[in-house]
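A.B. asks: Listed in order, the protein sequences are those of chains A and B.
Under this note's numbering, the first sequence has 20 at position 14, and the numbering climbs by one with no breaks.
Under this note's numbering, the second sequence has 619 at position 559, and the numbering climbs by one with no breaks.
Incorrect hints may have been included.
Claimed, not checked - Cut-off 20 Å, straight-line C-alpha distance, at most; resulting in silico cross-link-like pairs (EDC-like, lysine to aspartate or glutamate): (1) 322(B) to 146(A); (2) 319(B) to 106(A); (3) 321(B) to 200(A); (4) 147(A) to 200(A); (5) 327(B) to 200(A); (6) 563(B) to 146(A); (7) 138(A) to 200(A).
Rather than coming from a laboratory, the hints here were simulated on the basis of the structure.
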Amino acid sequence: MALLEIKNLKKVYTSRMGGMKVCALNDVSFSVEKGEYVAIMGESGSGKTTLLNIMASLDKPSAGSVLLENQDITAIRQRDICAFRRDNMGFVFQDFNLLDTLTLQDNIFLPLVLAQVPYQEMYNRLSPLAQKLEIQGLLEKYPYEVSGGQKQRAAAARALITQPKIVFADEPTGALDSRAADKLLSLFAKVNEEGQTILMVTHSISAASHARRVLFIKDGNVFNQIYRGAHTKEEMYKLISDTLTLLHMGGDANEKE
Amino acid sequence: MRKNKVLPLLACTGIAKNKELYLPYLGAGIFSSFLYFTFTSILYHPIMGTLPRAEYAYVMLMLGFVLLNIIVFPFLHYTYRFVIKRRKRELGLYSILGLEKKHIAVMMFYESIVTTGIIILGGMLFGLVFSKLIFMLLFYMLEIPVLNEFPFSFKAFQITAVFFLVSALFNLAFSLYAVGKSNPIELFADSRRGEKKPKFLGLLAIGGVLILGAGYFLSITASMDQIIFLNFFLAVFLVVIGTYFIFTSASVMALKLLKKKKSFYYKPANFITVCGMYYRMKRNAAGIVYICVFSTMIIITLSCTLSLYLGMEEVIAFLNPYDIRMDCQPDNAEEDKRAVEAAVEELKAECGLAEADTIFYKYRSMLVKLEDGKMETSEDLEWWQEHVYEIEFVTLEEYNQASGENKTLGDHELFLYSNGQDYKGSAFSILGEEYTIKEMLAGFPGSMKKQENTFNQDYWVVVKDYHALPEEFSSLLGNEVLRTIINVTGDSEAKSIFAEKLKSYFPNAGYRSNIERKLDMGAMYGGLLFLGIFFGLLFMICLVVIMYYKQITEGHEDRENFDIMQKVGMSRQEVHHTIAKQVLLVFFLPIFGAVCHTMAAMPMTTLLLSAISLFDRGMVIKCSCGVLLVFFVIYGLSYLITAKAYLRIVERRGS
Numbered sequence: 007m008a009l010l011e012i013k014n015l016k017k018v019y020t021s022r023m024g025g026m027k028v029c030a031l032n033d034v035s036f037s038v039e040k041g042e043y044v045a046i047m048g049e050s051g052s053g054k055t056t057l058l059n060i061m062a063s064l065d066k067p068s069a070g071s072v073l074l075e076n077q078d079i080t081a082i083r084q085r086d087i088c089a090f091r092r093d094n095m096g097f098v099f100q101d102f103n104l105l106d107t108l109t110l111q112d113n114i115f116l117p118l119v120l121a122q123v124p125y126q127e128m129y130n131r132l133s134p135l136a137q138k139l140e141i142q143g144l145l146e147k148y149p150y151e152v153s154g155g156q157k158q159r160a161a162a163a164r165a166l167i168t169q170p171k172i173v174f175a176d177e178p179t180g181a182l183d184s185r186a187a188d189k190l191l192s193l194f195a196k197v198n199e200e201g202q203t204i205l206m207v208t209h210s211i212s213a214a215s216h217a218r219r220v221l222f223i224k225d226g227n228v229f230n231q232i233y234r235g236a237h238t239k240e241e242m243y244k245l246i247s248d249t250l251t252l253l254h255m256g257g258d259a260n261e262k263e
Numbered sequence: 061m062r063k064n065k066v067l068p069l070l071a072c073t074g075i076a077k078n079k080e081l082y083l084p085y086l087g088a089g090i091f092s093s094f095l096y097f098t099f100t101s102i103l104y105h106p107i108m109g110t111l112p113r114a115e116y117a118y119v120m121l122m123l124g125f126v127l128l129n130i131i132v133f134p135f136l137h138y139t140y141r142f143v144i145k146r147r148k149r150e151l152g153l154y155s156i157l158g159l160e161k162k163h164i165a166v167m168m169f170y171e172s173i174v175t176t177g178i179i180i181l182g183g184m185l186f187g188l189v190f191s192k193l194i195f196m197l198l199f200y201m202l203e204i205p206v207l208n209e210f211p212f213s214f215k216a217f218q219i220t221a222v223f224f225l226v227s228a229l230f231n232l233a234f235s236l237y238a239v240g241k242s243n244p245i246e247l248f249a250d251s252r253r254g255e256k257k258p259k260f261l262g263l264l265a266i267g268g269v270l271i272l273g274a275g276y277f278l279s280i281t282a283s284m285d286q287i288i289f290l291n292f293f294l295a296v297f298l299v300v301i302g303t304y305f306i307f308t309s310a311s312v313m314a315l316k317l318l319k320k321k322k323s324f325y326y327k328p329a330n331f332i333t334v335c336g337m338y339y340r341m342k343r344n345a346a347g348i349v350y351i352c353v354f355s356t357m358i359i360i361t362l363s364c365t366l367s368l369y370l371g372m373e374e375v376i377a378f379l380n381p382y383d384i385r386m387d388c389q390p391d392n393a394e395e396d397k398r399a400v401e402a403a404v405e406e407l408k409a410e411c412g413l414a415e416a417d418t419i420f421y422k423y424r425s426m427l428v429k430l431e432d433g434k435m436e437t438s439e440d441l442e443w444w445q446e447h448v449y450e451i452e453f454v455t456l457e458e459y460n461q462a463s464g465e466n467k468t469l470g471d472h473e474l475f476l477y478s479n480g481q482d483y484k485g486s487a488f489s490i491l492g493e494e495y496t497i498k499e500m501l502a503g504f505p506g507s508m509k510k511q512e513n514t515f516n517q518d519y520w521v522v523v524k525d526y527h528a529l530p531e532e533f534s535s536l537l538g539n540e541v542l543r544t545i546i547n548v549t550g551d552s553e554a555k556s557i558f559a560e561k562l563k564s565y566f567p568n569a570g571y572r573s574n575i576e577r578k579l580d581m582g583a584m585y586g587g588l589l590f591l592g593i594f595f596g597l598l599f600m601i602c603l604v605v606i607m608y609y610k611q612i613t614e615g616h617e618d619r620e621n622f623d624i625m626q627k628v629g630m631s632r633q634e635v636h637h638t639i640a641k642q643v644l645l646v647f648f649l650p651i652f653g654a655v656c657h658t659m660a661a662m663p664m665t666t667l668l669l670s671a672i673s674l675f676d677r678g679m680v681i682k683c684s685c686g687v688l689l690v691f692f693v694i695y696g697l698s699y700l701i702t703a704k705a706y707l708r709i710v711e712r713r714g715s
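Construct the entire structure; sequences and hints are all you get.
C.D. replies: Given below as structure tokens:
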């Protein structure tokens, strides 16, 4: 059974003034197994952020369904959706979204505090995580006192501390320099090896080359997908790059690895 | 485009592009200059010359003016700093893009000119409109006789303009210094930095408690003397400073303590509230202090005003217990009485008065000293000395006749009457002979009694007859005087004519009319009432503006935070709950402080009111309670409105 199943997802935006309809997602179906590390790639405007928002229950689809462990999250009532998201999903954003008013530690605790987890439990979960993400020494600092990479690692800790079924990452390396990005991505890979399911949206080839599977989206449809299999990262990089070129050319390939 | 055109343009677009930042700032600034301008125009207003104890009123307003300066200057700086902090990012960007510091300085100078101009002119405009409006409201609706116009003095314009230019210069210098000493990257990061935590918390707290205590002590131990007005303002000043210290230090200490208490801190609503407040606690404390101080001012001003409004008639009646009084030394008392009665009857018909009552009594007066159960007299007594009174001695027969009573007295008994506090003791001796006070009279013709009156207390003594007094004493009494007390009812013009004509009928009599005086006093107390309502409203507007400003600015700051929290999994209800908690704290703390201050200020307030003959403490306290209740309602309403504005800003998605 797949952890996350996307079935015939369709999203149509209607502009407020006229009846202009823009189709962001046409007919998207795919599934994510438990423990997978999936990257979704596509050009700007290809619908990848819309897709992520719908999967993360931040937005509603026009048609189709999103099943997380066979539960249709598009059918969850609005009032319960926050708690559901908090308990089952973790988020890493491009612009960190850390609260300036809180220390890194309190930022990481935030979802647990909202879930009313006792302090001792929170603390027990934090120490191994902080060690893994190499932010032990920074916990008492405020976001404006640390670097972008450190911020993003704290944000990753915040996403992981709830022990979510799946982590959604939206361009997590978008605001980082290449070294900080590499560090974050290798940490993601490490976390994934320990069994954490990760779904990442990105347009960076090097970020996507860390994933075990890459999905390509074009014009609201799944265009292609590549499995990493036994490829090295470098080979993966090449593959992705080639596929993207194909995507640009407007080809209609459907090759599978 | 040349540079000297680019910079002013940048300045203007800087203001226009940062609407969210500049609108509240300009609003607060215009409001301050409005407040300042209105205050100065009152200070130089002709009404100031017509108040009872005008010189004291002037001193009070002058001291109030000093206080206003002390409050407005930091307020302007506080709002300005907020703008600059948020704009540093943009300035940093300009600097990175190649604008030299010199150019940034010039640009900021232009910005200052624009904002200061708007602030000064806007404030004056609102001040003119508001003053006219209040004036008309009082004049036409309450029919309080004040003045028939509201002139503005040039001085008010001048002082306001100078004050705001100076503070703008100061703020500009501050920001230039801040920009000058930091590099672009620092500017870039500065807009997100939390506030520096204040140092010496314990010291601040202790100092605050001591200063506040001193202020309270001044009020509670105040007595009626020359320096009461000075003491009053010293007390106000101390309380304001003390409140500031206490709220700053205590709030920080409390927040630190709460952060340490994990079981409390890590609860959803508390977590966000405590952090948010800790992050900007200095500004929070300042906001709470402003709200607290203005609340106190409103409550006290309006309590006094309401007391004055309700007690005004009684005070005027007390100070003018009769309309006309005539004293003459009669050759034949009965004939004189008939002559007066005939004249009164004739004039009453002539002037068209509804009624004219006359009361006669004869008395002999003497300057005596009444102290320690002894009544003495001597050549050296002066009327202004302590315990020295000009006492009117009246025989029982005269008293019974005048008051329509039928009382009796023994040889060594007497009645005592005072228009102030009752004499303490049941007897006193006159030149060694013991006299029992058979009764403290509750009233006397032509006089009104107020137990609380201690300022101009007089005594009347009723004896069986003058022979009942010791011979040596009665021989020193003044000649017998026939007193006529006349009270009239009718329209005020007729009364005035009546008084004039009566005076001309008896040119030799000691004549005194309160008719004109009553009207004058009506106008004088009306002036005080006007000031009370004026300032009450002014402070009320201050309060609402400050609350609104606080919520708006914080709303803009918090929007991003709540956005993030909702992404992390906080539901709308939780957001609402948190906001309610946060705003409620800011709501209750200052009102609690204000109630404490009001209670501590009560002794001094009643004392000040008794200086203008408003003695009824009970009424003042009742008025305060009433005002407090109404204030709670208004405060609650403005809280709801501002909280709603805050919510609207916070919930607006994206930007």
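A.B. asks: So, for every hint listed, does it hold in this structure?
C.D. replies: Cross-check of the supplied hints:
1. 322(B) to 146(A): This hinted pair holds, its Cα atoms lying about 15 Å apart.
2. 319(B) to 106(A): holds (16 Å)
3. 321(B) to 200(A): Status violated; Cα separation ~35 Å.
4. 147(A) to 200(A): violated (28 Å)
5. 327(B) to 200(A): Violated. Residue 327(B) to residue 200(A) sits at ~31 Å, over the 20 Å cutoff.
6. 563(B) to 146(A): With Cα atoms ~90 Å apart, residue 563(B) and residue 146(A) exceed 20 Å; violated.
7. 138(A) to 200(A): holds (11 Å)
Going down the numbered hints, you'll see the structure goes against 3, 4, 5 and 6, while the others check out.
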